[in-house]
Every structure is written in structure tokens, then in C-alpha cells.
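Protein chains: 2
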Amino acid sequence: MRTNPERRQALIDAAIEVLAREGARGLTFRAVDAEAAVPTGTASNYFASRDELFMQVGGRIYERLLPDEAVLAKSREGVQDRARYAELMHELVDRISAFGSGYLALLELRLESTRRPELRAVLTKRIREDIDANLAHHAASGLPGDSTSVLLLYLALNWLIVERLTLPDIFTDQQLHELVDIAVRRSLGE
Amino acid sequence: MRTNPERRQALIDAAIEVLAREGARGLTFRAVDAEAAVPTGTASNYFASRDELFMQVGGRIYERLLPDEAVLAKSREGVQDRARYAELMHELVDRISAFGSGYLALLELRLESTRRPELRAVLTKRIREDIDANLAHHAASGLPGDSTSVLLLYLALNWLIVERLTLPDIFTDQQLHELVDIAVRRSLGE
Numbered sequence: 085m086r087t088n089p090e091r092r093q094a095l096i097d098a099a100i101e102v103l104a105r106e107g108a109r110g111l112t113f114r115a116v117d118a119e120a121a122v123p124t125g126t127a128s129n130y131f132a133s134r135d136e137l138f139m140q141v142g143g144r145i146y147e148r149l150l151p152d153e154a155v156l157a158k159s160r161e162g163v164q165d166r167a168r169y170a171e172l173m174h175e176l177v178d179r180i181s182a183f184g185s186g187y188l189a190l191l192e193l194r195l196e197s198t199r200r201p202e203l204r205a206v207l208t209k210r211i212r213e214d215i216d217a218n219l220a221h222h223a224a225s226g227l228p229g230d231s232t233s234v235l236l237l238y239l240a241l242n243w244l245i246v247e248r249l250t251l252p253d254i255f256t257d258q259q260l261h262e263l264v265d266i267a268v269r270r271s272l273g274e
Numbered sequence: 085m086r087t088n089p090e091r092r093q094a095l096i097d098a099a100i101e102v103l104a105r106e107g108a109r110g111l112t113f114r115a116v117d118a119e120a121a122v123p124t125g126t127a128s129n130y131f132a133s134r135d136e137l138f139m140q141v142g143g144r145i146y147e148r149l150l151p152d153e154a155v156l157a158k159s160r161e162g163v164q165d166r167a168r169y170a171e172l173m174h175e176l177v178d179r180i181s182a183f184g185s186g187y188l189a190l191l192e193l194r195l196e197s198t199r200r201p202e203l204r205a206v207l208t209k210r211i212r213e214d215i216d217a218n219l220a221h222h223a224a225s226g227l228p229g230d231s232t233s234v235l236l237l238y239l240a241l242n243w244l245i246v247e248r249l250t251l252p253d254i255f256t257d258q259q260l261h262e263l264v265d266i267a268v269r270r271s272l273g274e
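Quick note, the sequences are listed as chains X and G, same order.
Throughout the first sequence, residue numbering follows the numbering used here, covering 85 to 274 in sequence.
Throughout the second sequence, residue numbering follows the numbering used here, covering 85 to 274 in sequence.
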């Protein structure tokens, strides 16, 4: 296997775009090579199998979806009240929606994981870690609400992003914006 | 085009299973024929194009997911309080999860609709109608809560079902059950 890390990452990023655009079945080494604009045969030198490619993609999407240190530091500034919570959730939804191909690719991976037990195990672990990190982050933040609020927001905002990315005409931008506010308020038990 | 309605419906039901199992790209006339155990060439006599097949599948899934008159009549019985609301939401989640292939096929359709504008228009209309029907049904029911509660439950429970069907080891059955109770309570502003 080749190990040039930049090349490897470029191939995985290309795979995310292929997955979002063509669906799980469209994710072939050949399509990844074409998307990354590298010679045919390159991806097969970096990944032992399509299985491995699927699993690498899952990790990489989370890496790109998670906020960087600057965003996290900024999120800790200011009064940690309900208005601030709502603001952070709007930023979260916007940040994830801005990487729409990543989120759509993640949905493709979830569906593909019903067919690939190994991928299912990897995704389960990764997403469980992310939920636990969210719970820990919230507990340490001083924001209002409890673990229940965090889980409810996790559920509601995930589907809101699905709605926004897959069928964007069901709700207007204004309605989606209001739904985030409402989800925060009711999740907090207000 | 052939018009035997039972045969047509059997082909669409076969298409749902193919879509859930193989993904959108796997939905070919040939795969539908094989799934429905009919001679090769049958599906292509019933549907003008794959586009048409995708659109028919969307409508049929909703037809099968929606409660029948007996379930609806039963839902109107008894005291329409919060406990009853929670009970109805548990039944809803269980009914949809029991037709897992239908729900997974619907997710495949949502992803496919990012590639097929005509499918996107059909799905948008169908889902918008479903949301409006839910809002109207709730308003007429005497159940506690408002339109906001209905929309929040729509968001939260959809993702809960995604979780249950795609990565069932993230939450235990008990945790999912509790999340439904919590989603109802907080959606109602309690």
C-alpha cells in the first residue's frame, strides 16, 4: 500500500464527493481516481478494498465536520445562556449544511452499513464517541439543559439537516431557522 | 404500458425491497423482475422509465406506512392526554420500524432526489402533504400540544427511526423507548 498522506487524504476527500453524488454503488476506485484527477489505478494502491475505503471515508467526514479549536474556543466565550445555546446550534446546522456533500455521504454510509457489518461497527463506534463528546462538552459548558436536551437536539437537528439537504423546498429557510430556535427552547424544557 | 393493477403493485413492492437492499443504483428493471419472481422484461412493460419507477415507489411507501382506518379510529379512543400521545408515538415508531425496508427505501429516494429533480418535486409534495395531514390530525384530536410540538416530534422521531434502522447498536431499545417519551414530554413544553 502507498502511504503518501496528502495523496491518501485527497483520495478520501474525492471519495466523499463521489459518494454524495453517485451513491454507495457509484463509489469505485475508478470513480475516485477520476474525481481526484489522478491516474487510473492510484486509489487501488492506497486502499486494500472498497470496504476499507468506505471505512476511511466515515472517519474523514467526522474529522471535517467537527469544529476546529478556534470555533470551540469561541463557543466558550460569553454568557452561556439559552440565547447563546440557540446561536451555537444555528452555527452547527450552518457548518454541517455548508459541507453538504459530507453529510449526504454520511447518510449513504449509514445505508451502506446495513449491508456491511464491518462498516456498521466502525460507524457505530465513531458516532457513539461523537454523542458522548457532545454530552461531555455540554456538561462542562455551563449551558442550560441536561443530557436529555443534548440527545433531543441531536435527533431533531439531524433530521432538520436531512430535510434541508435532501428536500429543501419542504420548509423555507425561515421555517428551518425558527425550528432550530424552537428545538432549543423545548429541548431545554421551556 | 400494461395495466394489471395487482401485478403493477407487486412490482412496486418488489422495487421497495430492491431499493432498501441494493440502494438506488441497484434499482433496475431486471432486479425488480427477479425480486418479484416474474419473467425478465415484465417491469419494463409497466413503467416507462426508471424515473417513473422511482416516483411510483415514493407514493406506494407512504400508502403502506400510513395507518389504516382501524388504527386511526382506535387512536381517537380514550382520554387524549400526554400519556396517550406518548402511546401513539410509540405505536407510530414501531409501525414504521416494522416496515424497515420501506423506510430505508424512502431514505434512498431522498438521496436519489438530489440527483433527479422530478423525483424531488414528487417527494416534496407528498411529504409536505403528510406533514400537513399530521398537523390537521393533531389539531382535531384534542391531544395536548400545538403545531410546534408536532413539527418537533416529526424531526426527532424521524431521526430516531434512522438511528434504529441503520445503526441499531448506538442506542439500546430501552434508551430509544425513553427517548420517545422524552421527545413527547419536551415537545409539549413540559
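Heads up, a few of these hints could be off.
Just so you know, same-sequence chains aren't split out, so a pair can sit in one copy or run between any two.
With a cut-off of at most 20 Å between alpha-carbon atoms, the simulated SDA-like pairs for lysine to any residue come out as follows [unchecked claim]:
no.	residue 1	residue 2
1	Lys158	Arg199
2	Lys158	Ala120
3	Lys209	Ala220
4	Lys209	Ser159
5	Lys209	Ile254
6	Lys158	Ile211
7	Lys209	Asp257
8	Lys209	Asp253
9	Lys209	Thr124
10	Lys209	Gln258
11	Lys158	Pro201
12	Lys209	Glu274
13	Lys209	Phe255
14	Lys158	Thr208
15	Lys209	Ser181
16	Lys209	Pro252
17	Lys209	Arg92
18	Lys209	Thr87
19	Lys209	Glu175
It is worth saying that the hints were derived from the structure and are not from the lab.
Here's how the hints hold up against the structure:
1. Lys158 / Arg199: For Lys158 and Arg199, neither the intra-copy (40 Å) nor the inter-copy (37 Å) Cα distance is at most 20 Å.
2. Lys158 / Ala120: neither (34 Å within a copy, 56 Å between copies)
3. Lys209 / Ala220: within (16 Å within a copy, 40 Å between copies)
4. Lys209 / Ser159: neither (26 Å within a copy, 38 Å between copies)
5. Lys209 / Ile254: between (32 Å within a copy, 8 Å between copies)
6. Lys158 / Ile211: Result: close neither inside a copy nor across copies, 24 Å intra and 38 Å inter.
7. Lys209 / Asp257: Between copies, since 17 Å is at most 20 Å while 33 Å is not.
8. Lys209 / Asp253: Answer is between; shortest inter-copy Cα gap is 9 Å, intra-copy 33 Å.
9. Lys209 / Thr124: neither (33 Å within a copy, 42 Å between copies)
10. Lys209 / Gln258: between (35 Å within a copy, 19 Å between copies)
11. Lys158 / Pro201: Classified as neither: same-chain Cα gap 39 Å, cross-chain 39 Å, threshold 20 Å.
12. Lys209 / Glu274: neither (32 Å within a copy, 33 Å between copies)
13. Lys209 / Phe255: between (32 Å within a copy, 11 Å between copies)
14. Lys158 / Thr208: neither (29 Å within a copy, 37 Å between copies)
15. Lys209 / Ser181: neither (23 Å within a copy, 22 Å between copies)
16. Lys209 / Pro252: between (30 Å within a copy, 12 Å between copies)
17. Lys209 / Arg92: Classified as neither; 23 Å inside a copy, 42 Å across copies.
18. Lys209 / Thr87: neither (25 Å within a copy, 48 Å between copies)
19. Lys209 / Glu175: neither (25 Å within a copy, 29 Å between copies)
The structure shown violates the earlier hints numbered 1, 2, 4, 6, 9, 11, 12, 14, 15, 17, 18 and 19.
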